[in-house]
Amino acid sequence: MIMTFISPVEDETFYSFMSRLAEANGTNYQHLSKYLDVAGSYDLIKHETMTILNKIEFPLPADEILMKHTLFPLIAPLFNDITQTMWINGFERKRHKFPKMIPLIRNHYNGTNICPICLKEDLTTYNRPLFRRSHQAPGVTACWKHGVKLVAYGTEDMHVTRVSDFELNFANFCHELLKTDLHCNFRDITFYLREIIETKFVNKKDCISLIEHTIPDGMLTGPAEKILNRVIFKSSTGTTAPLNILLFEFVLSTVSNIRNRFESEKCHLNVSKDYEVSKSYGLFSVVQHNCGERFLATEYGFNAGWQCPHCENARNDEEKFIEVAENVNPDYKICSEYLGPQKFIEVKHKCGLIHHIRAKYMLEERVCECEKGPTLSEMKSLVEQNDFKLLSAEKTTSRSTTVLKIKHNKCGHIFFKTMSNFQRSPYCSYCRSIGFSVAILDLTINNTDEYKKAVADLTGDDYTVLTGISTSGQENVKIRCNKCKKIIVMPARDFLVGRRCPCEKNPYGDEFPEFVLEASKNLYHVRSKEAKNSFDVFNSDGKVVLENVSKLLILSELRRPTQSKVLPLPDDVRKKVKDVPIGILPHIRNTIAENPSADYTAESLSNENYSIYDLNMKLSFLQRRGELYRVSEGVYHDVNDPDFDKKRIMPEKTFEIRDFLWILVKDRTDSYTISELSDLTGYSVSQVGTALVSLDHLKRIHRVAMGTYVTGEGEDFVTVPDKVLKYIKENLREGEFTPSDINIPDLTKEQISDALKKFPQKGLAKRVKTGVYVYTGKDVRREKTMEDCVMDVINKDIVRDYTLKDFEFLNKPKNQLSSILSRLVRKGYLFRVSKGVFHSTEDVKEE
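Under the numbering used here, read the sequence shown as residues 12 to 858, first letter to last.
No wet-lab data here; the hints were simulated from the structure. For each residue, glycine too, the CB sits at the ideal point set by N, CA and C. Treat each hint with caution, since some may be false.
Pair ranges (Cβ atoms, derived) [claimed, not checked]:
#1 348 x 303: 47 to 55 Å
#2 809 x 764: 38 to 46 Å
#3 604 x 495: 18 to 26 Å
#4 376 x 135: 48 to 56 Å
#5 764 x 814: 43 to 51 Å
Subject to a maximum C-alpha distance of 25 Å in a straight line, what follows is the list of computed SDA-like cross-link-like pairs (lysine to any residue) [claimed, not checked]:
#6 710 x 676
#7 780 x 826
#8 215 x 266
#9 554 x 524
#10 586 x 517
#11 587 x 538
#12 740 x 752
#13 657 x 682
#14 211 x 170
#15 587 x 471
#16 245 x 210
Turn these sequences into a full structure, and let the hints guide you.
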């Protein structure tokens, strides 16, 4: 029982108040607050706390503690109904009665923040520090009152540091939001923010730009665009969602607007005569049962069966689970025994569909596959409001996967889509693929002659129409490309809106906006839309000329020899459009063609339009196509240079790299590593390692340690495992031994220990226990593989060609032999002369 009671300070955390109360009553505050969570779970209170406080006749009611001395008013509206119910249940229910259905509340931040100036004031007024809940809010780094940076309590550095305007304004925002009593959840908040974005901004990119400009780097838990799509537009929850939503609320709204939207309603419970609601807040109500128990309950939790906690004492876990599950999901029937929340149970829906799910998922609302998506009448209205006609609907187990047969009223195209796909993208697949309607371009098609004239206006003499068409323009037409003489077949209207022969090169990716600016001489520029391959075209004054059009249509209108009605260009500009280089490759080719005798790197070719990375990628691409030689790493030369010394060419194939490395190491008497040769030659570690393994198999070099080699053949060099095994054979054949029993002068204890660790895998020794081995009597040399057998045959006569028939005596399937020969080609032991014909790489004449 509390003898001396003190009043809590405004905005004081419950833990801080309990600490002061304990001192006022002459006891250790750990004894009084041992059931409290000091700094976890947004400063909410642990399970069974209220039970303890009731026993000591604590004067503060539970609802006042929750609303005035925890972060519940700020954080709880950012979670769903289930999480809010779990917090209320865990506030005063006995968790040991239902340990899995009332989970422990997770920690969302660590440490306790304090303001240095507030600390000095508190020490003067209360003779001890106070912890304020507004300082513990996620993302808050400043004191709303003094405008200084918060520090972790207990640190020695209490230096006063001024904060930025953003930090101070965000701290004030959270402080004011803590005084609210909102009636909402995670989904309501995300819908509210989505409405603001769709109302205030032209597109999502403008909103993302504002967020990135306003919020400092590092505060959001990831890229702004990714978080906005996942949290706001897809309503995906997570432990980092509350901080992100708070920051979005701060940027996009105000506390007064949030109050007006969510503070008017209160929690409403449908109680029976056995219960009485004494007080209601936004998210929960204070309920009095006729047994005398007073408790807190959310609307979702009370309806689900979480009612009087005193009366629940007589229930077991299984009974409570079945009650809550059937209240939450009345259309489901539990058909199997409940073994625990993580165990699978069998439930049957009223439609007859049986589900096998984890039991815990029955504690939240479930939607059967047969109920997902709109009904047939809703589908029809949704289709018709977008200028389509629903011809038929083929039902499946799920409404969302119902296959719809739809006709577009504008173009007459008939297509099939599932309901979920049509909801995500309610447009005609044909019109969307061509990007723009022919009617908007005013290209009427009455007969074949008019169609041929339209093709000639668009492309001049580059294409010839070979077949006739009807007035609909939907049937396929044959058109010959006069450049490559290829005949292409496509729907007649597709050609009019930009589709061309594959031989025509088009800019891609970031090259397209640059091409439009260059081709139009800055008269037009484009901006991509959210839809794939969709752009808006703007003139030099910033006005929209074309909206939601495809890249192919824009290119067609810019490249046409006659004047375009939608994208007109001056005559001198229009005639030079076809000469505009497309992308980065023409830039590289033109630059190299000006001086083919010079060496080129990405740095020497760079300009403000192309990055070093992109240039390196394209130079490597041209080298693989045979247009450039690679002289060294990152350095290239034109193949058309007649004076180029081909001995400068950097080897590319494995056997070429192997021979090149052999020239470097054949006269060396010291050891060398893979990384050393990689730095010396410019080849990657993987390329050097593969080449050295090849030389090792040819017995030109020998591996003495992991990644370390020496030049030499046969028995002149002995590896570390060889030396260790030889010592064991001579001295430790009988009985157990440890690494310390092996004494080899030129080897360290680490080398011996590493070698012994691999012996059990190779069957050379048996590990009795940690660090203790027994010799098995086997040799260190590996057994001969099929690759070794094949190479033994080839090494006998390296000047001839070999086929699969030469290895039939091995009695192996042809596909296995073919795989072995292919591996030997990749490892650099063989050439592939032609299909199924191989030759040894040792038979190479020096040029």
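Cross-check of the supplied hints:
no., hint, result
1, 348 x 303: 47 to 55 Å, "36 Å, violated"
2, 809 x 764: 38 to 46 Å, "42 Å, holds"
3, 604 x 495: 18 to 26 Å, "23 Å, holds"
4, 376 x 135: 48 to 56 Å, "53 Å, holds"
5, 764 x 814: 43 to 51 Å, "48 Å, holds"
6, 710 x 676, "13 Å, holds"
7, 780 x 826, "44 Å, violated"
8, 215 x 266, "23 Å, holds"
9, 554 x 524, "16 Å, holds"
10, 586 x 517, "18 Å, holds"
11, 587 x 538, "23 Å, holds"
12, 740 x 752, "13 Å, holds"
13, 657 x 682, "31 Å, violated"
14, 211 x 170, "42 Å, violated"
15, 587 x 471, "15 Å, holds"
16, 245 x 210, "18 Å, holds"
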